[in-house]
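Chain A is already provided as a structure; the job is to place chain B on it using the hints.
Protein chains in written order, with the working numbering: chain A, 4 to 98; chain B, 4 to 98.
Simulated from the structure, these hints should not be mistaken for lab results. The reader is advised that the hints may include incorrect statements.
Where chains are identical, the list cannot tell them apart; a pair therefore holds if satisfied intra-copy or between any two copies.
[As the list claims (entries may be wrong)] Below, computed lysine to any residue pairings styled on SDA-like, alpha-carbon distance capped at 20 Å:
| hint | residue 1 | residue 2 |
| --- | --- | --- |
| 1 | 7 | 84 |
| 2 | 27 | 5 |
| 3 | 54 | 19 |
| 4 | 81 | 12 |
These numbers were taken from a predicted model, which means no experiment stands behind them.
2 protein chains.
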Amino acid sequence: MHIKEFQEMMRRLYFHRDSERGVKGTYDWLVEELGELGEALEGNDKEATEKEFADVIAWLASLANITGIDLERAAINKYSGKCPKCHQSPCQCKF
Amino acid sequence: MHIKEFQEMMRRLYFHRDSERGVKGTYDWLVEELGELGEALEGNDKEATEKEFADVIAWLASLANITGIDLERAAINKYSGKCPKCHQSPCQCKF
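Chain A with its partners taken away, still in its complex shape:
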């Protein structure tokens, strides 16, 4: 599934809720979901971890919807097959 299709599915399912909640409320919920992913990563339940990954990308797409951002275009614009910092693939950045 394209990133764009996933974002559109999130729009059909949740835009009415997301737009009522607003940007700040939706961002806060995304932060909470990322916390839940962190907790899942400390355990050994792969299925639970997958669901938390799903929730984080879902809330990220929801947040993109209510802020008017095309998540797929944003991702491709910055990451187009090479590292945006060193312009190499694989990344050769010196840290």
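Showing chain B alone in chain A's frame:
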């Protein structure tokens, strides 16, 4: 671009770095990127906000790579056109 293709691109670019950094270090970096997105959302620079959205999905894909999670499959398994809680589209959950 498919979610899976984006995750594979992140693998080609960054897996060597991500696997050295480890799950905890990569998760912490993702948390930091989400904080930067939050700051961008408080401003009015759409281009900067797009770049922060790109970074969050990029680090989420990187984290999925080093934890052996297929982000696209995880997303579709949980969100398959209906709300996973109320099984309606659009979501009709009562909060």
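Results for each hint:
1. Taking identical chains as interchangeable, the C-alpha atoms of residue 7 and residue 84 lie at most 20 Å apart whether they share a chain (18 Å) or sit on different chains (14 Å).
2. Within a single copy, residue 27 and residue 5 get their C-alpha atoms no closer than 26 Å, and across copies no closer than 28 Å, so neither meets the 20 Å cut-off.
3. Taking the closest pair of Cα atoms, residue 54 and residue 19 never come within 20 Å of each other, the shortest separation being 23 Å inside a single copy and 26 Å across copies.
4. In this assembly of identical chains, residue 81 and residue 12 lie within 20 Å of each other by CA distance solely across copies; the values are 12 Å between and 23 Å within a copy.
Hint check: violations occur at hints 2 and 3; the rest are consistent with the structure.
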